[in-house]
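Undergrad: If you want the building blocks of each chain, they are given just below.
Protein chains: 2
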Amino acid sequence: MSEGRIQEVLESLKAIKGVHGAAIIEKFGLIKGSALPGWVDPEAVAAMVTLILKASQRATKELEQGQFYNAIIESAKGRILFSEVKGSILTIIATTDAKLGIINLKLGAAVDVLREHL
Amino acid sequence: MSEGRIQEVLESLKAIKGVHGAAIIEKFGLIKGSALPGWVDPEAVAAMVTLILKASQRATKELEQGQFYNAIIESAKGRILFSEVKGSILTIIATTDAKLGIINLKLGAAVDVLREHL
Chain A
946 MSEGRIQEVL ESLKAIKGVH GAAIIEKFGL IKGSALPGWV DPEAVAAMVT LILKASQRAT
1006 KELEQGQFYN AIIESAKGRI LFSEVKGSIL TIIATTDAKL GIINLKLGAA VDVLREHL
Chain B
946 MSEGRIQEVL ESLKAIKGVH GAAIIEKFGL IKGSALPGWV DPEAVAAMVT LILKASQRAT
1006 KELEQGQFYN AIIESAKGRI LFSEVKGSIL TIIATTDAKL GIINLKLGAA VDVLREHL
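Going down the list, the protein sequences come from chains A and B.
With the first sequence counted from 1, adding 945 to any position gets you this note's numbering.
With the second sequence counted from 1, adding 945 to any position gets you this note's numbering.
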């Protein structure tokens, strides 16, 4: 994997209006890269990814949902997006003001680049 | 709470095209009501709700996201929607063919009724 290119992609996501930051987390919680603000602990993001994947694994096994693609958690003050890329999870932390349309557009482009470099 | 009315709401969600079923789960995993197909174990749905809420609690505590509103998990063969209603979580299990616009519309109406009856 090319770490410089991955970091570039994460920084470009962080630059979107209303996005606090982004990180890419390996299936078992290993942080492969992150562009997060100082007040966000990458380990907390990794822990959330693990919980989301556990939930999705139950869905796959017991509700016949198949492989995990993505997830969104919406809360009073923000949104967190999780997208599968080659077995890793790209996580984006955004405010409620962030435009989901714009994020999804840039997310698609980011995933394409990450797919080549992970 | 009026169980008959809650059951009616869950059945009406289950009747939407592409929706397998719905359940309402209390914060600590207690199943308050369910309209699920025979092959879905309500306990598995409750376990997923617990995991999603744990993830969202980390988000609230460490990423300053505030109170949980809703979540979606999208997988290869389906979508699972989770919405907060008075401290309980309304869960809808749908196929990938299900129209999210229609579900969200009926979900809004269902939440309004559940708010009165939970």
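These aren't lab readings, by the way, just hints derived from the structure by calculation.
Any given hint could turn out to be false.
The list treats identical chains as interchangeable, and a pair is accepted whether it falls inside one copy or across any two copies.
What the hints assert, rightly or not - Only pairs whose alpha carbons sit at most 20 Å apart, straight line, appear in this in silico EDC-like list of lysine to aspartate or glutamate:
(1) K1022 / E1061
(2) K962 / E1061
(3) K999 / E948
(4) K1022 / E1009
(5) K959 / E1007
(6) K1006 / E988
(7) K1044 / E1007
(8) K999 / E988
(9) K1006 / D986
(10) K1051 / E988
(11) K999 / D1042
(12) K1044 / D986
(13) K1006 / D1057
(14) K999 / E1009
What you are looking at is a predicted structure, and each value in this text was computed from that prediction instead of being measured.
Undergrad: Hints first: check each against the structure and report whether it holds.
TA: Tested hints:
1. K1022 / E1061: Intra 33 Å, inter 25 Å, cutoff 20 Å: neither.
2. K962 / E1061: neither (26 Å within a copy, 38 Å between copies)
3. K999 / E948: neither (27 Å within a copy, 31 Å between copies)
4. K1022 / E1009: between (32 Å within a copy, 7 Å between copies)
5. K959 / E1007: Between copies, since 18 Å is at most 20 Å while 36 Å is not.
6. K1006 / E988: Between copies only: 13 Å across chains, 27 Å inside a chain, cut-off 20 Å.
7. K1044 / E1007: neither (34 Å within a copy, 23 Å between copies)
8. K999 / E988: Both: 17 Å inside a chain and 15 Å across chains, each within 20 Å.
9. K1006 / D986: between (31 Å within a copy, 11 Å between copies)
10. K1051 / E988: neither (24 Å within a copy, 37 Å between copies)
11. K999 / D1042: neither (29 Å within a copy, 24 Å between copies)
12. K1044 / D986: neither (24 Å within a copy, 36 Å between copies)
13. K1006 / D1057: neither (28 Å within a copy, 32 Å between copies)
14. K999 / E1009: within (14 Å within a copy, 23 Å between copies)
The structure is inconsistent with the numbered hints 1, 2, 3, 7, 10, 11, 12, 13, although it conforms to all the rest.
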